[in-house]
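First to last, the sequence lines map onto chains C and X.
Each residue of the first sequence is one higher than the one before, counting from 1 in this note's numbering.
Each residue of the second sequence is one higher than the one before, counting from 1 in this note's numbering.
No lab work stands behind these hints: they were computed from the structure.
You may find that some hints are simply not true.
The list cannot tell twin chains apart, which means a pair is met if one copy fits it or any two copies do.
[Said to hold, decoys possible] Using 25 angstroms as the maximum straight-line C-alpha spacing, the simulated DSS-like pairs for lysine-lysine come out as follows:
#: 1; residue 1: K164; residue 2: K104
#: 2; residue 1: K31; residue 2: K105
#: 3; residue 1: K150; residue 2: K130
#: 4; residue 1: K66; residue 2: K139
#: 5; residue 1: K164; residue 2: K105
#: 6; residue 1: K32; residue 2: K135
Protein chains: 2
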Amino acid sequence: MNRLEIFFADCTRTVDRKLDELVPSVQTEPKKLHEAIRWSLFAGGKRFRPALVLVIGKTFSAAEEKLLQTAAAVEMIHTYSLIHDDLPAMDDDDLRRGRLTCHKKFDEATAILAGDVLQTLAFQAIAEDKNLTMKIRVKLITELAQSAAKMANGQQLDLEAEGKKISVEELKNIHQCKTGAIISASAKAGAIIAEASADELKAVSNYASKLGLLFQITDDLLDVTQTSEVLGKTAGKDAASEKATYPAFYGLEETRKLAETVHAQSCQELEKIDKDTDLLCEIADFILYRKT
Amino acid sequence: MNRLEIFFADCTRTVDRKLDELVPSVQTEPKKLHEAIRWSLFAGGKRFRPALVLVIGKTFSAAEEKLLQTAAAVEMIHTYSLIHDDLPAMDDDDLRRGRLTCHKKFDEATAILAGDVLQTLAFQAIAEDKNLTMKIRVKLITELAQSAAKMANGQQLDLEAEGKKISVEELKNIHQCKTGAIISASAKAGAIIAEASADELKAVSNYASKLGLLFQITDDLLDVTQTSEVLGKTAGKDAASEKATYPAFYGLEETRKLAETVHAQSCQELEKIDKDTDLLCEIADFILYRKT
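Okay, chain C solo, but in the shape it has when bound:
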């Protein structure tokens, strides 16, 4: 394993342990609800957002125990959004992270409530984090709430755009809301916990924003070029539902070039940070070259 793989593996381990601590066990009533929450939460996600909290926080010298609960919280927000987005009334997906989606494994009502509770637990986790000052908890909750609202806005815009002709600016806005906001918030959360300066926070935010865009572009590319088996979710869905995507606008080749440009922009932001940002750069590389 290379350094980044080791970092991600470590991160998954520690974040999963924290998530396990924060989420009621399957023995807690209502058992089915907690099974459903855990089904989706421990489905082998990449833990990319919590990893961002950790890596940014550590870049600015925050101790890991200060970062973990917030890292878990952003993953809970992310998983809540996946559960709801997969519902029949939304994207109607049967597969997610290589297994049945929450409503397919359980039922729709349970899936809706599992998402609802995950959102609640995310805010609770930060509010109850004794490793953080009250001021930092409030800042984090504000940041996370703002981005969670944006995320839901993005999902609404995305649903409304289906089957319609939208501009590439509209597409970018949808992604900026739907995916970018939480990714940015995750990075900023790490910097907030580390009490980074305003300038540093700005650079981190820009870096993460580009990272989010890159993530979406490569997601669109993978939907075209990979099989469902490799992705762990239904491939080719975007084209089938006539969804606006970067490849649909620019074609495959231009989209690949766009990914490279955005990757370069994200790395440029890192030059403004007077810390060891090699790992952050490697993360951008990783997203550019990811296969799943």
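Here the structure of chain C is known, so what remains is to put chain X in place on it, guided by the hints.
Chain X alone, transformed into the frame defined by chain C:
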């Protein structure tokens, strides 16, 4: 109007103004989502939970501007739960507060997202409330999150109980979670903002807990005895879906007696509070005798 009616009318006015401030306008994109949120939020609800925040807070001498944002937040949590509970996968209701439910007026996806965003905005409203210290904001968010999780647990238990034989203890637990938790949290929030003592907080919590139980018992009674027109939602639904209710367990007459006992218990709690609690007692009266 009597004193209580004037209080509730005032409360609705000020809380609605605050909600209007906190929720994006229908001109904000995605317009449909914000229309849906406002459709359900401004549907003429009784504003009972925010009224509790205000009345308890004022009982312990908190200034109104410290209470209003939290009052709005509990109403947002309540409305989010109504929107989701009404969904076809849950209680499948067409009418709420005398008008079409959110998913009937708009669509299911929008209704799911409207509920999601309302939950987010509730936590954001408290986190951003500049009238409160950081410590109080964190306490309120913790309290609200704990009760919102309980509320969702209660909805899950309620759905699972449909068509099954459950004990009266199980029924009480469902209500304690589904309705009681947010009502208790609303009352406690007022006391937290007013920085009431631990003993006072306990009495307030017990009072509100009894109030919540009373609310549910009278809700069950009204479902049996009132028409859909008067209630503004589908009457007789509980019996039709063989739902466990107090009248189903005890019969109408015994349920009415139970309501009176619980009412008396809630007022007894008030005797432990060395403040003017007349209005709090009148609220208990109001719930006992309510017709809608």
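Legend entry - Homo-oligomer pair classification [K105, K31; C-alpha up to 25 angstroms]: within (14 angstroms within a copy, 33 angstroms between copies)
Inset, instruction - Classify it for me, K150 with K130: is the Cα-Cα distance of at most 25 angstroms met within a copy, between copies, both or neither? - result: between (28 angstroms within a copy, 22 angstroms between copies)
Inset, instruction - At 25 angstroms max between alpha carbons, let me know whether K164 reaches K105 within a copy, between copies, both or neither. - result: The answer is between: 22 angstroms across copies meets 25 angstroms, while 32 angstroms in one copy does not.
Inset, instruction - Classify it for me, K66 with K139: is the Cα-Cα distance of at most 25 angstroms met within a copy, between copies, both or neither? - result: For K66 and K139, the Cα distance is within 25 angstroms both inside one copy (14 angstroms) and across copies (19 angstroms).
Legend entry - Intra- versus inter-copy proximity for K135 and K32 (alpha-carbon distance at most 25 angstroms): Close neither inside one copy (36 angstroms) nor across copies (35 angstroms); limit 25 angstroms.
Legend entry - Up to 25 angstroms CA-CA - K104 versus K164, copy category: Between copies, since 23 angstroms is at most 25 angstroms while 28 angstroms is not.
The earlier numbered hint that this structure contradicts is number 6, and it is the only one.
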